[in-house]
Amino acid sequence: MQEANARLGRGRIIQFLPRQLFISSAREISITNFAKSVCSIPANAQKVLFAGSIRSPDKCSTSLVFKTLVFSEVKEFSPVLMTMLFILTGCYDGLARIWEGGEVSECTHILEGHNGAITSAKFIEIGGVGTEMNFHVVTGSKDRLLRLWKCDAAENRENPIRVGAYKIFPGHTEAVQSVTVNSSREMICSGSWDCSIKLWDVKDSEEDGDGNTISLKKRKVNCMTTEFEDAQSEGAATSTLMGHTQCVSAVTWPDPDVLYSASWDHSIRQWDIPSGKETWTMVGGKALNCLDIGGESSSLVAAGGSDPVLRIWDPRKPGSLAPIFQFSSHASWISECKWHPRSWFHLLSASYDGKVMLWDLRTAWPLAIMDSHQDKVLCADWWKGDSVVSGGADSKLRITSGIEIE
Amino acid sequence: MAEEKHDESLSDEAEWSDDGVSSENEKVEESDSSEDEVAPRNTVGDIPLVEWHKDEEHIGYDIKGKKLKKQPRKDKLASFLEGADDPKNWRKIYDEYNDEEVELTRDDIRLIQRLISGRTPHAEVNPYEDYVDWFEYEDKGHPLSNAPEPKRRFVPSKWEAKKVAALVRKIRAGLIKAPDEPKEEEANYYLLWGDDTNSAENKKRINYIPAPKLKLPGHEESYNPSVEYIPTEEEINSYQLMYEEDRPKFIPRRYLSLRSVPAYDKSVKEMFDRCLDQYLCPRTRKKRINIDPESLKPKLPSRKDLRPYPTTCYLEYLGHAGPVNCISVDPSGQWLASGSTDGTTRMWEIETGRCLKVWEIGEAARQISWNPVADRPILAVVLEYDVLLLNSGMGDIDIQTKTKELLHVSEPGATEDAAVSWMQHEKHDGIRIKHFKAVSSIEWHSKGDYFTTVVPTFKRDSRAVLVHQLSKKNSDKPFRKLPGIPVTAVFHPSKKIFFVATKRFVQVYDLSKGQRIKKLETGVREISSISVHPGGDNLIVGSKEGKMCWFDLDLSTRPYKTLKAHSKDITRVTFHRTYPLFASASDDCTAYVFHSTVYSDLNQNPLIVPLEILRGHKAEHGRGVLDCKYHPRQPWLFTAGADSTIKLYCH
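These protein sequence lines map, in sequence, to chains E and D. So the first sequence is numbered by full-length UniProt numbering: it starts at 1 and just counts up by one. So the second sequence is numbered by full-length UniProt numbering: it starts at 1 and just counts up by one.
Note that these hints are calculated values from the structure, not bench results. One or more of the hints may lead you astray.
[Claimed, not checked] Computed from the model, here is a short list of chain E residues facing chain D with C-beta under 8 Å:
| no. | residue |
| --- | --- |
| 1 | W264 |
| 2 | G285 |
| 3 | A393 |
Remember, it's a predicted structure, so these values are computed and weren't measured experimentally. Glycine included, each C-beta is placed from N, C-alpha and C at the ideal position.
Work out the full structure: start from the sequences and follow the hints.
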């Protein structure tokens, strides 16, 4: 990590020092790029190294609460991408953005099309040959739709590219709250306020350009006549999992056959995908906001919700629905919890008290408290294995790096 | 030999008499008592010398007060040898009192020998002198009876023998026991000032209460008390200002000596008063009920068992610039609408606390209410004279088009007596229903088509309660006469029953017949808010004096329970739709959460348990919490405060 000492005026277009994303001793760097996104770096904390505050050109600074989701598991795909790390954010202004967190940390793509706030976004796939790179991105929004996007990340352009969705998934009757992708990158799962979980096929629809594809596994189709821009196709849900009685706030799909969902009806359910049946149900006492599967042999369930306690259950334990770990250092609702992609013991949690905490299962106290947001932290994720990205209600996306996980 | 000895002893005695009282000859003449002959050297008196002077060097004091030294004691061997040599030893006696050896004279010996043999001590005395008959009987006649003694006086009595035999038999049979040995009497001490109410003697007597003891004298009653006990002049003067009963009875004073203490002038009066007290005031035992006050409390279940219920504030909805008058939660539980005195109505996302939408109305919203049907995302907002029906913009396109149709008034209409007129609100694309007077409350019917507004006017005005139909856009006056000024009105959740709260009563109407069924007597001064249990058989009433009444409609027209919880006006009472909870918000900046189980068994009364006091709002211009609403699906409570915040309390 090389030190740089810079103090730059606002409104100037500057280039970051090549290959130096993290600058630790600078007092503040303000950058206004062409998309009028302002990046400011407060350097008072050693760990907070990059922070972005985005003002969208059309809506100024009024309605900008972030909802971000971050994709960072680059290692699985291609060694070419090792240096290129992208961050996908979904925002309350209805736009999803892709940030290149590599050498030029700036917004590369703006995905526009949603009429409501984006509640959830995920990378489906990053692929490409040589210098050509493609993202496949899915977003879920409060306008009841899921959208698929395809972006080209190869070129270095001056302006962020505005991208439209190539496919929409109508079907939910209420706002979509959560979206996840299965490990084979072919299926998408979404949880919604209409209490249902729907599964969608990605690949199928991609081949079939006309849309209205009907899968063999399809159980329920909710067709909606909606007018959209050209070159958009519609897909239908391959299956619908009913069982929750309230908003499905989080879904994860760690295994091709097993899906986990958390809901405001205080329950976590495990679904068997081929049969579409519930295999395990855990009813806690609180409405749940987030869920993640990880830990020892990727089987522990971490969930947080409408109280300041992060709880971890072991679904393999028979006959017991008591959490095996409880972490209660937060002061408000927990908005996000994520296991470390490689460690069995580490996970992070984000809370409405503005803090992101790093936990080790072997201790009762947080390993680190990242107090970087002024307002609620709405989402957080691991990035590159040693960094944490978090988005908050203060319209800022923050990256905290240098977290050592042994 | 004995004679010689006697002489010697005489000479000895003569010697002693020099420092004694008198000479031996005089003594003989005066008295023959041998004790007087020898004046005792020791003057200590009749004390146990051996014990008391055992360890002393002296045995006593002579007449002049000098100590009499003990003779050196000879050891036993020496004294034995001496005695063996001395032929006179057999008549020597040791006088312990005077610590000397006395040699008995011949007379003494003779006297002793006579005494031993049982004769008179002195040889000169003749005990058997001849009887001298001093009387003469010759002319004096005879004694009373001259008969010889009868035989029976010499024969043992047969009668007595029988008596004795009978006693012996009884003794042998154990009927007569020998009297017990007299017990040694216990020392009869008792505490003079002790509390003897429980003493053994008093316990024998039932209901005897000994007289109370007098107060013990303290230091202040001393003749020379310490300075701090003596009142100053000012204190003595201040006693004069006190009531006579409160004045101290005794004022401590100082005397130089005990002699100069005068007689206590009030002693007779005080003793007399005490006697009067004891005689005129009979002492009785008061029967005090000894019940543990805890056991008198009604047995309520533990709060832990009644979870979940809202306890902690985790989320705040900030943005209003003035007191938030009213809030309402969307039936799906996703959105919250609030109206404030700052002229705006806002819509919030419950999950994150983000303000989604702001309607700049320009007038303070008094009441706000979501349409309870999910596919009619319509908000009803009460302004001063108007009721606005706004499109919240939720729902998909189908719903939106339907809602827009519903919220379109093609031709502005009014009722005959101009109580209400319907018109289009251009700015916010909704309906404006203009009333003839200020509207106080609004309530939707559970089907979502009808809603009622209450206009508090004068008595017996039929226009006071209005029922509006959204789909036909007309208004109706269901009641000809109302017995008071209505405050608020609610629909029954399932039946065609309508509740109208006037200031002190709740009138229950049957809507199908248009008749009054019941009149609930609340007993409060002014009703501020009512809420119907989702089951429909129970009703809570909040009043402006802080009281809450629970009515069981099947039970009585009087409150089943009245809860006095708040110190200021209750602004809102509300039931939870699914959980057995209700809450009250008040101007004393608190909201109370109660548990209420309503049993389906008609014989069982509802269970009401106070659970939690929710604090957190600040008072603003004397107002505290202005509204409270439960989340429709979660056990969460929203409170709107005069401090322009909305808080969400979660479990």
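**Report entry** Those earlier numbered hints the structure runs against, lowest number first
**Finding:** No numbers; nothing is violated.
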